[in-house]
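These protein sequence lines map, in sequence, to chains A and B.
So the first sequence is numbered by the numbering used here: it starts at 1 and just counts up by one.
So the second sequence is numbered by the numbering used here: it starts at 1 and just counts up by one.
What the hints contain is simulated information worked out from the structure, not anything from laboratory work.
For glycine and all other residues, C-beta sits at the position ideal for the given N, C-alpha and C.
Please note that the accuracy of each hint is not assured.
[What the hints assert, rightly or not] 25 Å max Cα-Cα, derived DMTMM-like pairs, lysine to aspartate or glutamate: (1) A:K321 with A:D274; (2) A:K130 with B:E90; (3) B:K247 with B:E162; (4) B:K321 with B:E287; (5) B:K130 with A:E82; (6) B:K174 with B:D139; (7) B:K130 with A:D274; (8) A:K130 with B:D139.
[Claimed, not checked] If you only want the chain A side, here are some residues facing chain B, beta carbon under 7 Å, derived: (9) L46; (10) G47; (11) F80; (12) L84; (13) L87; (14) L100; (15) N126.
2 protein chains.
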Amino acid sequence: MTADQGHFLALSGGVGGAKLALGLSQVLPPEALSVLVNTGDDFTHLGLRICPDLDSLMYALSFRANQALGWGQEGETWQFLEALGQLGGETWFRLGDRDLATHIQRTQWLASGLTLTEVTQNLCRNLGIKITVLPMTDDVVATEIICQSGDVLAFQHYFVREQCQPPVLNVQFKGIETATLNPAVGALLDGRSDLTAVIICPSNPFVSVKPILDLDQTAERLIKSAAPVIAVSPIVSGLAIKGPAAKMMGEMSLPTSALGVAEYYVSNYPGVLDAFVIDRADESCREAIEALGLQVFITETIMQSLEDRKRLADDVMGFCKSMRA
Amino acid sequence: MTADQGHFLALSGGVGGAKLALGLSQVLPPEALSVLVNTGDDFTHLGLRICPDLDSLMYALSFRANQALGWGQEGETWQFLEALGQLGGETWFRLGDRDLATHIQRTQWLASGLTLTEVTQNLCRNLGIKITVLPMTDDVVATEIICQSGDVLAFQHYFVREQCQPPVLNVQFKGIETATLNPAVGALLDGRSDLTAVIICPSNPFVSVKPILDLDQTAERLIKSAAPVIAVSPIVSGLAIKGPAAKMMGEMSLPTSALGVAEYYVSNYPGVLDAFVIDRADESCREAIEALGLQVFITETIMQSLEDRKRLADDVMGFCKSMRA
Chain A
1 MTADQGHFLA LSGGVGGAKL ALGLSQVLPP EALSVLVNTG DDFTHLGLRI
51 CPDLDSLMYA LSFRANQALG WGQEGETWQF LEALGQLGGE TWFRLGDRDL
101 ATHIQRTQWL ASGLTLTEVT QNLCRNLGIK ITVLPMTDDV VATEIICQSG
151 DVLAFQHYFV REQCQPPVLN VQFKGIETAT LNPAVGALLD GRSDLTAVII
201 CPSNPFVSVK PILDLDQTAE RLIKSAAPVI AVSPIVSGLA IKGPAAKMMG
251 EMSLPTSALG VAEYYVSNYP GVLDAFVIDR ADESCREAIE ALGLQVFITE
301 TIMQSLEDRK RLADDVMGFC KSMRA
Chain B
1 MTADQGHFLA LSGGVGGAKL ALGLSQVLPP EALSVLVNTG DDFTHLGLRI
51 CPDLDSLMYA LSFRANQALG WGQEGETWQF LEALGQLGGE TWFRLGDRDL
101 ATHIQRTQWL ASGLTLTEVT QNLCRNLGIK ITVLPMTDDV VATEIICQSG
151 DVLAFQHYFV REQCQPPVLN VQFKGIETAT LNPAVGALLD GRSDLTAVII
201 CPSNPFVSVK PILDLDQTAE RLIKSAAPVI AVSPIVSGLA IKGPAAKMMG
251 EMSLPTSALG VAEYYVSNYP GVLDAFVIDR ADESCREAIE ALGLQVFITE
301 TIMQSLEDRK RLADDVMGFC KSMRA
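Using the sequences plus the hints, can you model the full thing?
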C-alpha cells in the first residue's frame with residue numbers, strides 16, 4: 001500500500017475482530033491504521049481492571065494470541081489460578097499467569113492517573129505493536145445482558161461464568177449515555193483528519209459493535225463522515241465463527257444469517273453502512289442485502305491462517321478502493 | 001505434649017522464625033500455639049498488599065516453603081514476572097505465579113472490609129494450617145531503614161531492591177505509635193487467658209522482633225505477664241543464619257554475636273527476657289549472657305531439616321518447662 005491511501009479505521013470487538021485487524025496491520029503501513037475497540041466487556045475482577053477485547057487485540061497484533069485456546073496468550077500457564085483455587089478465590093474467569101501481568105500493570109497505570117488510552121498505548125508500545133489501538137472510550141461503559149428470565153448479568157458473568165447459557169432478551173450498556181468517544185477517533189470521524197474508510201470487523205453486532213455505534217453519537221458521526229463504512233459479516237452459513245452471536249440472534253428473534261446481520265445494522269443504524277462483505281457460502285443472500293441498499297462484496301471470510309487474515313484484509317482494502325472510485 | 005501445658009505464644013519474623021514456628025507446630029497440639037508475626041515489612045506493591053513475614057510463616061507451616069530459594073513457595077514459576085518485565089513493569093520484587101494468588105486474594109479480602117487478622121485466618125484455613133497465626137496488628141505499620149547516607153528506605157526497598165547494601169544507621173516503624181496490638185494476643189498477655197511461655201523465635205531483633213515489642217506497649221505487657229519469655233538467638237558463631245541481622249549489627253556498632261543480641265535485648269527491653277537460647281558453638285558466651293541476668297540454655301539451634309526444627313522446638317519446650325518448675 002502507498003502513503004496516499006490515507007487512514008483506515010477498524011471497529012472491533014475481541015477475538016473475531018482481532019483476526020481481521022491483524023490482517024489489516026500486515027497489509028497497511030502502521031501509521032495508516034487505527035483500531036477502535038469495544039470496552040463494554042471490561043470489568044474489575046479480583047481488584048484488577050480487565051479489558052478482554054483490548055487484550056485480544058493486543059495479543060493478536062503482537063502474535064501472542066493462543067491459537068489452541070482461541071483466547072489468551074500463547075504459552076500461557078495456570079499456576080496462579082490453581083493456587084487461587086486452593087485459597088478459596090474465584091476461579092471462573094481463567095486468568096493465566098502471563099495474562100495477569102497485563103491486568104496488574106494496567107490497573108497500576110490507571111490508578112496512577114493515566115487514561116485507558118494512555119495505558120493501552122504503553123502496553124502496545126511494550127508489546128511491539130506499531131498500529132494505533134484505541135479503546136472506544138476512556139470512560140467506564142459496562143455491557144449487561146438482560147436475560148429472558150429477567151436477570152441482568154454483567155457481560156463476563158454471562159459470557160464466561162454462565163458460558164452464554166441464559167437466553168438473551170436484550171443488551172444494555174451502563175454508562176454509555178455520558179461516555180465520550182475516544183477523542184482520537186472523534187477527530188478522524190469529524191473530518192479533522194484524513195479518513196479513507198471505516199471497516200467494521202467481523203465482531204458480534206450486539207455486544208461488540210453496538211456499544212461503539214451507540215457511544216457519543218458515533219453512528220451519526222459515521223453517517224456524516226465522507227468515508228465509506230464497510231462491515232464484514234461475523235456470520236457465515238448461519239453460524240458465528242466465534243462467540244455467541246448466532247445464539248443471541250436466535251434468542252432475539254433475528255434471522256441467524258449474514259442477511260440477518262445486514263438487516264440488523266440497516267434497521268438499527270440506517271445510513272451507517274455503505275457495504276457489506278459476506279462469505280462465498282452466503283452468496284445467495286446477495287440480492288436481499290443489496291435490496292437493503294448496501295453494496296455487497298463476496299469473498300472467503302473465514303480466517304484460519306495468518307495468510308487468510310492478510311488475504312481478507314487485502315480484499316477489504318480492494319473493496320474500499322472500488323467504493324471510492 | 002498434653003493439654004495441661006496451656007498455651008504458647010511465639011513471636012516471629014519471616015523465614016528464620018518460621019523454621020522454629022514450624023517445629024513448634026509439630027510438637028504442640030494446634031490449639032496450644034499462637035504465632036504473632038511482624039507486619040512492619042508489609043507493603044503495597046503493584047496495587048497488591050504483600051505481607052512477607054506472614055507469607056513465610058504460612059508457606060512454612062503448610063509445607064509449601066521453597067527450600068531451594070529460601071523464600072516463596074515450592075514449585076513456584078515466574079511467567080507473570082517475565083510478562084510484566086516485557087510490559088515495562090517493576091520486577092525487582094520477585095512475585096511468583098503461585099505467590100500472586102496470596103497477594104491478590106488478601107488484597108481482595110482487605111478491600112472487602114476484613115481485617116488482616118481475618119484475612120490471615122482465611123488464608124491459613126484454606127492452606128490447612130491449624131495453629132493460630134496472628135499479624136502483630138491490624139493497623140498499618142511500615143518499617144523504614146534510616147541509612148547512614150541519610151536516605152530513608154521502605155523496608156522491602158532496602159531488603160530486596162537494594163539487597164541490604166546501604167549501611168544502616170537505625171530503623172523506624174511508621175505508624176507504630178497509634179497501632180493496636182492484635183487483640184487476641186493482648187488477651188493472652190494481659191492474663192485474660194492461660195499463657196505458658198513466650199518464645200521469641202530466631203528472627204532479626206531490629207526489624208522483626210523490635211516492631212512487635214515496640215507496638216502498643218507489648219514489651220511492658222511481656223514484663224507484667226507471668227509467663228516466662230525465652231528468646232532463641234538468630235546469630236550463631238557471629239553469623240546470621242538468614243538475612244541481614246549480622247550486617248546490621250556491625251553497622252549499628254553492636255557486637256556481632258549471640259552475646260550482642262542478648263545485650264541488645266537486655267539494654268533496650270530490660271526485664272522482658274528471662275532466658276536466652278544459644279547454639280553450642282557459642283557456649284563461650286554463656287557466662288557473659290548470664291551476667292546480664294538471663295538464664296542460658298544451650299543446644300543445636302541451626303535448623304536445616306524438619307527434624308532439626310522439631311528437635312529445637314522440643315528443646316525449647318523443655319527449657320520452658322524447666323523455667324516454670
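Taking the hints in turn, this is what the structure says about them:
1. A C-alpha spacing of about 13 Å is found between K321 of chain A and D274 of chain A, which places the hinted pair at or below 25 Å, so the restraint holds.
2. For the hint linking K130 of chain A to E90 of chain B, the alpha-carbon distance of about 23 Å falls within 25 Å, and the restraint holds.
3. Restraint check for K247 of chain B and E162 of chain B: the C-alpha separation of about 14 Å stays at or below 25 Å, so the hint holds.
4. The hinted pair formed by K321 of chain B and E287 of chain B meets the criterion: a straight-line CA distance of about 22 Å does not exceed 25 Å.
5. Between K130 of chain B and E82 of chain A the alpha-carbon distance is near 22 Å, which keeps this suggested pair within the 25 Å criterion.
6. A threshold of 25 Å between alpha carbons decides the hint, and for K174 of chain B with D139 of chain B the separation of about 11 Å falls inside it, so the pair holds.
7. Distance restraint check for K130 of chain B and D274 of chain A: the Cα-Cα separation of roughly 68 Å exceeds the 25 Å cut-off, and the hinted pair is therefore not satisfied.
8. The hinted pair formed by K130 of chain A and D139 of chain B fails the criterion: a straight-line CA distance of about 46 Å is larger than 25 Å.
9. Checking L46 of chain A against chain B by beta carbon gives a least distance of about 5 Å; that is within 7 Å, so the hint holds.
10. A least Cβ separation of about 5 Å between G47 of chain A and chain B falls short of the 7 Å threshold, and the interface hint therefore holds.
11. For F80 of chain A, the interface hint holds, the least distance from its beta-carbon to any beta-carbon of chain B being 5 Å, beneath 7 Å.
12. The closest approach between the C-beta of L84 of chain A and any C-beta of chain B is roughly 4 Å, which is under the 7 Å cut-off, so the hint is satisfied.
13. The closest approach between the C-beta of L87 of chain A and any C-beta of chain B is roughly 5 Å, which is under the 7 Å cut-off, so the hint is satisfied.
14. With its C-beta approaching chain B no nearer than about 5 Å, L100 of chain A sits inside the 7 Å limit, and its interface hint holds.
15. The beta carbon of N126 of chain A is positioned within 7 Å of a beta carbon in chain B (closest approach about 5 Å), and the interface hint is therefore held.
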